[in-house]
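Each chain is listed here by its residues.
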Amino acid sequence: MAEMFSMFLAAVLINNIVLSKFLGMCPFLGVSKKLSSAIGMGAAVIFVIFGASIFTYGIYYLVLEPNGLDYMKLIVFILVIAAFVQFTEMVIKKYSPSLYKALGIYLPLITTNCAVLFVALDNITSKFTFTEMLVNSIAVPAGFMLVLVIFSTIRERLDTADVPNSFKGNPIALIVAAVMALAFSAFAGLV
Amino acid sequence: MLVALLVFVALAAGYGVLYYMNHKTPVPEGCENLKAECEGCKVTSCEMHPVHDTSKGENEND
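If you're matching them up, the sequences are chains A and B in order.
Note that the first sequence covers residues 1 to 191 in full-length UniProt numbering.
Note that the second sequence covers residues 1 to 62 in full-length UniProt numbering.
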């Protein structure tokens with residue numbers, strides 16, 4: 001149990017997918033201007049990464065590995081993730097219009113979020129057990145959401161801050177991201 | 001090789017079916033014109049980039 005907690009903490013704070021691996025930068029910069037959008041995107045990413053990881057893990061160990069099709073994992077995982085996003089969008093569209101209104105526009109974007117593919121591949125290459133895979137698949141997107149929410153609150157404040165013209169917009173956002181990466185590096189050694 | 005082809009075709013077909021079903025599912029009321037709050041970056045191939053927003057051009061012509 002303690003090992004799982006350490007693993008969770010490490011994935012959220014120390015090996016944060018955005019600040020230490022620089023994955024998922026597109027939604028990190030694109031959907032971080034408002035706190036509400038950031039929370040919606042974070043929740044959608046948690047759901048898709050968790051679901052897609054379970055599917056890809058099952059397909060790898062039940063279909064690909066027994067048949068010696070290890071080399072196909074990249075294309076298979078991409079197809080599974082894209083299909084899972086379509087399925088998720090369809091279900092939300094049909095059964096929860098309010099949730100669709102909040103997440104709808106961000107759902108298709110998740111297909112191209114490299115963080116989803118990274119988690120699916122990482123679960124295989126790290127040779128995780130099923131329980132470890134579940135913890136990793138929740139912890140990584142939770143770290144993504146944490147950073148996205150913190151970043152969005154800073155960006156909301158930056159809108160009213162006196163920023164030099166040449167730094168307005170993405171330049172100051174990238175500087176903030178760099179400072180956040182430095183701050184998060186202080187967690188190294190915690191676990 | 002045959003198994004690989006079968007797996008690929010099965011997954012591609014699965015994706016195709018889900019894509020078709022998703023597009024056939026009616027969009028809830030009030031969600032017809034959802035737009036991302038995106039001003040666009042250098043990646044113009046992204047579907048959400050404002051250059052792909054044809055409604056702006058149509059309005060201007062009107």
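To be clear, the hints were calculated from the coordinates, so they are not data collected in a lab.
Only a predicted model underlies this, so the values are computations on that prediction, with no experimental measurement involved.
Be aware that one or more of the hints could be misleading.
[As the list claims (entries may be wrong)] Straight-line distance between alpha carbons at most 27 Å, and here's what the computed DSSO-like set of lysine-lysine pairs gives:
1. Lys168/A - Lys33/A
2. Lys42/B - Lys34/A
3. Lys33/A - Lys24/B
4. Lys24/B - Lys93/A
5. Lys21/A - Lys34/A
6. Lys21/A - Lys24/B
7. Lys21/A - Lys127/A
8. Lys168/A - Lys24/B
9. Lys33/A - Lys21/A
10. Lys168/A - Lys21/A
11. Lys34/A - Lys168/A
12. Lys101/A - Lys24/B
13. Lys94/A - Lys24/B
Hints and how they fare:
1. With a C-alpha separation of about 13 Å, the suggested pair Lys168/A and Lys33/A falls inside the 27 Å cut-off, and the hint holds.
2. About 21 Å separates the Cα atoms of Lys42/B and Lys34/A, which keeps this hinted pair within 27 Å; it holds.
3. Taken as a hint, the Lys33/A and Lys24/B pair is broken in the structure, with Cα atoms around 32 Å apart against an allowance of 27 Å.
4. For a cut-off of 27 Å, the pair hint linking Lys24/B to Lys93/A stands: about 11 Å separates their Cα positions.
5. This hinted pair checks out: Lys21/A and Lys34/A have alpha carbons roughly 24 Å apart, not beyond 27 Å.
6. Distance hint between Lys21/A and Lys24/B is unfulfilled; the C-alpha atoms sit about 38 Å from each other, more than 27 Å.
7. For the hint pairing Lys21/A with Lys127/A, the CA-to-CA distance comes to about 19 Å; that is within 27 Å, so the pair holds.
8. Proposed proximity of Lys168/A and Lys24/B is contradicted: the alpha carbons are some 42 Å apart, above 27 Å.
9. Between Lys33/A and Lys21/A the CA atoms are separated by roughly 22 Å; this keeps the pair inside 27 Å, and the hint holds.
10. Proximity of Lys168/A to Lys21/A is assessed by CA-CA distance (about 25 Å); at most 27 Å being required, the pair is judged to hold.
11. Simply put, Lys34/A and Lys168/A have alpha-carbon atoms about 16 Å apart, close enough for the 27 Å limit, and the pair holds.
12. Using a Cα cut-off of 27 Å, the hinted pair Lys101/A and Lys24/B holds, with the two alpha carbons roughly 18 Å apart.
13. For the suggested pair Lys94/A and Lys24/B, the alpha carbons sit about 11 Å apart, so the restraint of at most 27 Å is met.
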